[in-house]
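Asker: Take a look at the letters that make up each chain.
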Amino acid sequence: MTSTTPLRPRRTASRQALNITALAVALLWIFPIYWMVNVSLQPNAQMRLEGPTWVPLDFTPDAYLGVLSDSSFWTAMRMSMQVSLLAVAVALFSATLAAVALSRFRFRSRTAIIITVLVVQMIPAEALFISQFRMLSGWGLVNTTLGLSLLYVGTVMPFIVWMLKGFVDGVPVDLEEAAMIDGCTKVGAFFRVTFPLLGPGLVATGVFGFLVSWNEFTLALVMLSSGGRVTLPVWLQGFQEGMSGTDWAGIMAGSALIAIPVLILFSIVQRRMASGMVSGAVKG
Amino acid sequence: MASVTYDAASRIYTPGARPAINQLQLDIADGEFLVLVGPSGCGKSTALRMLAGLEEVNEGRILIGGEDVSHVSPKDRDIAMVFQNYALYPHMSVAENMGFALKIAGVSKDERAKRVKDAAKLLDLEPYLDRKPKALSGGQRQRVAMGRAIVRSPKVFLMDEPLSNLDAKLRVQTRTQIAALTRKLAVTTVYVTHDQVEAMTMGDRVCVLKDGVLQQVDSPRNLYDTPANVFVAGFIGSPAMNLFQVEHDGEALILGGERYVIPDGSLKKTSSNKVTLGVRPEDIHIDPEHGIEMVVDLTEELGADAHIFGSPEGLESFQPLVVRVDGRRPPLKGDHVKVVPQMDHIHLFDAETGLRLNGEIPENTPHAQLADVEALQDEEGE
Amino acid sequence: MATLTPTTSPPGTVPRDSSPGRGDVSRRARRRQAFLPFLLLALPTGLVMLALGYPMARQLVMSFQEFGIAQQFGQPAEWVGFANYQAILTDTYFWVVTVRTLAFTAVAAGLTMVVGVGLAVLMQRVATGVRVALQLALLFAWATPVIAAVAIWKLMADHRHGVVNAVLSGAGLTGFDGFHWLQAGTTPFLIVAATVVIWASTPLVTLATYAALSQVDESAVEAAQIDGASTPRILWHIVLPIIRPVLILMAILQVIWDLRVFAQIYSLQQTAGNTTDTNLLGTYIYQTGIAGGDYGMASALAMVMLLLLLALTWRYVRILGRQGDLR
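Chains as they are written, first to last, in the working numbering: chain A, 1 to 284; chain B, 1 to 382; chain C, 1 to 327.
FYI, nobody ran anything at the bench for these hints, they're computed from the structure. Treat the hints with caution; some may be incorrect.
[What the hints assert, rightly or not] When the alpha-carbon atoms are kept at most 35 Å apart in a straight line, the in silico DSBU-like pairs for lysine-lysine are as follows:
1) Lys186/A x Lys103/B
2) Lys184/B x Lys109/B
3) Lys121/B x Lys186/A
4) Lys155/B x Lys109/B
5) Lys117/B x Lys169/B
6) Lys186/A x Lys155/B
7) Lys186/A x Lys184/B
8) Lys114/B x Lys184/B
9) Lys155/B x Lys132/B
10) Lys109/B x Lys132/B
11) Lys134/B x Lys184/B
12) Lys186/A x Lys114/B
13) Lys103/B x Lys121/B
14) Lys186/A x Lys109/B
15) Lys103/B x Lys184/B
16) Lys121/B x Lys132/B
17) Lys132/B x Lys114/B
18) Lys186/A x Lys132/B
19) Lys184/B x Lys121/B
20) Lys155/B x Lys117/B
21) Lys169/B x Lys184/B
22) Lys338/B x Lys268/B
23) Lys338/B x Lys274/B
24) Lys134/B x Lys169/B
25) Lys114/B x Lys134/B
26) Lys134/B x Lys186/A
27) Lys117/B x Lys186/A
Only chain A is shown next, with the shape it has when bound in the complex (with noise of 0.2 Å):
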């Protein structure tokens, strides 16, 4: 949009600006996740010099051995791998069912089913946790990773079923009428033409519900209260304030082995994820 301006050699100057500007905030905001795997590299002796050590010379792995030979990691990985994996796939799938429903079917109190999915996603899970602990105590589910997913199911399917329906929207109506005039059952069609179409869509919304459960930490804190199983963050702060702040090494390469697998699999699927969270707000 800016190339239909005239004043070119004004305009030269100012975007170099403007790109210089952009570079520092990249690095500002990159800066703490550089500062956590600088720090995780480097023998703890290194803080208590005077000023820091901005770039991680005297390299060790020790704090990544450290935290990968500690029992409790790998229990909470465990744990953290079932219950959002657990927590996905069973909204994944019934969120599917509720876009479809939403997308390809016109039925009364359709638009109504719509505005409460966007205002159920509003409710924050910090208003709720006392109630749910109640709950899943009643039923016998605290420290249970089927209790914790059935929470993360109910927190990540609102907005899943509002990203999957703006991708079951993108794919035009008219593919699934050609495949059964092709011959195939309304059924068939779907799942010979939509859903493979749906595909990026699915992976991304699922990364999605997945990246949400991995990091959350407050339902995990109030519900695996007195348990030993704890997912990740929870064996995080538990291990912050057993070091009392001294191993800061192990707390950042902790942080780096929760955070490194998500900020992958993030990356991969990001633009999706984007364009899905907006699509429904942009297209009114």
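For chain A, the structure is supplied; the task is to place chains B and C on it using the hints.
Answerer: Then chains B and C, alone, in the frame of chain A:
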């Protein structure tokens, strides 16, 4: 190959409201190319989708090859359809797109490959068989959509404005190709368009719809020569037919103070003292001696001929009068001319019912109003 | 139908499949058709009702009850009417926490929106390489798990080993040498918390706004240029109004996330030690309920927070409902 019959078929979205298709009665012969045409919202696509099984038939029946298919699902109707935006499966290659229906039908791989190849040859698509639709031009996509229909050798081809996404030049080319192809294959074809040039040039017969009601179905020639009511008269032809309210005395029209005797007695068929007179632009002539006086407001030069526009004194119409004249010496803006309709080519319609009064009169024609024609022109203006 | 866009079918013409046969059979099939969407919605709705709806109802009930330690061990809960609410609303500490939370939300959400939208606009105007770098940096911040993010910022703001103090005192502000951000009172604590929140939530705003900006029709901008509007005016009068639904959605999300903020505050509090001066509503509810065992009171507090959320966002949710893709 099969005949198609709409037997009083209706599509009603909301009970009580005007049906999208109202009691459509239409017989399409085996191998015939029938065009459904009408302004937007007339229900032509709905009629086609009912035949495809994509819309319910709420009342009446639809028959393909004499068999009632009103409640048969699309997959069991043995039809092929070309969609307006082609609806090519984006995740399949051209060959897979064309072979999909055969695959669903359980045709063997070799047979499939052979038939896809034959169709591709017919449509000059052979070099593109491995490409995805995304990598094709608009015209190529259109041909793939055609190919997908041809490969199946279905009983009926359905085409829903298949040319509307092509540019003007390609549209004319493809128009000819489709007409030739379907005649060669001799498959019954139902073709929906809003473009009357397509309708007139392609169809064996053309069916004009308005508000879900069939107005007239006939050969292009007859549709042009003997429109059944004012709506068809105003819809078919470009520039549109001149239509005015004219007084009469039972024997003659009174035009610009002169009497024009209508000898066949058609003026006696109406009780009103006015009729709607319709004259095509090519059926009006400039006369040096007598006729209706008119000042030329605009001259449109088209080369071989020209159209002049003006508002003659004493003629009631919602549109300017259009006259086709010789392109070499057209009157210019501001000129005074006298124009005379060629009386053996005029069309007379009842002022109230809009039904045809002179010449051969088609049966079972619904009423129409001049206002409907006026609405048509507003729409074109958009 | 000439006016239809290529990718849509005529309105209301979602295909209906009907089974072979006539009369009764087809009518039955049609009734099954009408039922199908509700069948599809049953499982997702059921799960949400179970995970959110039922607790919500229970919470409402509990907020009118005396529900403490004794009740957890089986004593029947006693109805106390509005006593919990009354106790909350007459408690000065509640008001301190509420005002603190509102101020925190206003600052954090406001800054997030301003910085986020600003970066999106900036991103549109820079070279591709720079844009990708910025996008990547933002993505990483967005994806970092909250607790890891808090740990990093804790380290960076550490009074002895923190890089923040090192840089500040290196720049001549010697007052920050050894400054204990988390224990120096409410404001420094909340500055650290707000920094973590803004750092982590700006990326979504930027990336969503950028996605919306890149979908804005060029011709609208060009038309405004021809009409003689300057770049800032085009931005303000043409571009931002076009993407308003996205901006509203993002603003609502920010308000919700910041008002209810818990994990960041909780984790920082564990290091700071002092909770009274640093509580926001989220941690206050946690302390009252889970730690203090007074579920009745905590439920009432949660309901108050929910009402506060509704009051703050309702108008915009309605605008969104009217403008959004609800067809």
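Asker: All hints are to be evaluated individually against the structure, with a verdict given for each.
Answerer: Status of each hint after checking the structure:
Restraint check: the Cα-Cα separation between lysine 186/A and lysine 103/B comes to about 16 Å, which is no more than 35 Å; the hinted pair holds. Among the hinted pairs, lysine 184/B with lysine 109/B is consistent with the structure: their alpha-carbon atoms are about 26 Å apart, no more than 35 Å. At most 35 Å may separate the alpha-carbon atoms for a hinted pair to count; lysine 121/B and lysine 186/A meet this at roughly 32 Å. As the CA atoms of lysine 155/B and lysine 109/B are separated by approximately 22 Å, the hinted pair is consistent with the 35 Å bound.
Distance check on the hinted pair: lysine 117/B and lysine 169/B sit about 27 Å apart at the alpha-carbon level, within 35 Å; holds. Under the criterion of a C-alpha separation no larger than 35 Å, the hint pairing lysine 186/A with lysine 155/B is consistent with the structure, at around 21 Å. For the given pair, lysine 186/A sits about 33 Å from lysine 184/B by alpha-carbon distance, which is consistent with the 35 Å threshold. About 20 Å separates the Cα atoms of lysine 114/B and lysine 184/B, which keeps this hinted pair within 35 Å; it holds.
In summary, the hint linking lysine 155/B to lysine 132/B is supported, as the alpha carbons are separated by about 28 Å, within the 35 Å threshold. Taking the CA atoms of lysine 109/B and lysine 132/B, the gap is near 20 Å; set against the 35 Å cutoff, the hint holds. Between lysine 134/B and lysine 184/B the alpha-carbon distance is near 30 Å, which keeps this suggested pair within the 35 Å criterion. At most 35 Å may separate the alpha-carbon atoms for a hinted pair to count; lysine 186/A and lysine 114/B meet this at roughly 28 Å.
For the proposed pair lysine 103/B and lysine 121/B, the alpha carbon gap of about 20 Å is at most 35 Å, so the pair holds. Of the pairs offered as hints, the one joining lysine 186/A and lysine 109/B holds, with about 24 Å between alpha carbons and a cut-off of 35 Å not exceeded. For the hint linking lysine 103/B to lysine 184/B, the alpha-carbon distance of about 25 Å falls within 35 Å, and the restraint holds. Proximity of lysine 121/B to lysine 132/B is assessed by CA-CA distance (about 18 Å); at most 35 Å being required, the pair is judged to hold.
For the hint linking lysine 132/B to lysine 114/B, the alpha-carbon distance of about 19 Å falls within 35 Å, and the restraint holds. At most 35 Å may separate the alpha-carbon atoms for a hinted pair to count; lysine 186/A and lysine 132/B meet this at roughly 24 Å. The straight-line distance between the Cα atoms of lysine 184/B and lysine 121/B is roughly 15 Å, inside the 35 Å bound, and the hint therefore holds. At roughly 21 Å between alpha-carbon atoms, lysine 155/B and lysine 117/B fall within 35 Å of each other, so this suggested pair holds.
Annotation: proposed proximity of lysine 169/B to lysine 184/B holds, straight-line Cα distance about 23 Å (limit 35 Å). Between lysine 338/B and lysine 268/B the alpha-carbon distance is near 29 Å, which keeps this suggested pair within the 35 Å criterion. For the proposed pair lysine 338/B and lysine 274/B, the alpha carbon gap of about 23 Å is at most 35 Å, so the pair holds. Pair hint lysine 134/B plus lysine 169/B holds up; C-alpha atoms about 22 Å apart against a cutoff of 35 Å.
This hinted pair checks out: lysine 114/B and lysine 134/B have alpha carbons roughly 24 Å apart, not beyond 35 Å. With a C-alpha separation of about 25 Å, the suggested pairing of lysine 134/B with lysine 186/A holds against the 35 Å cut-off. In summary, the hint linking lysine 117/B to lysine 186/A is supported, as the alpha carbons are separated by about 29 Å, within the 35 Å threshold.
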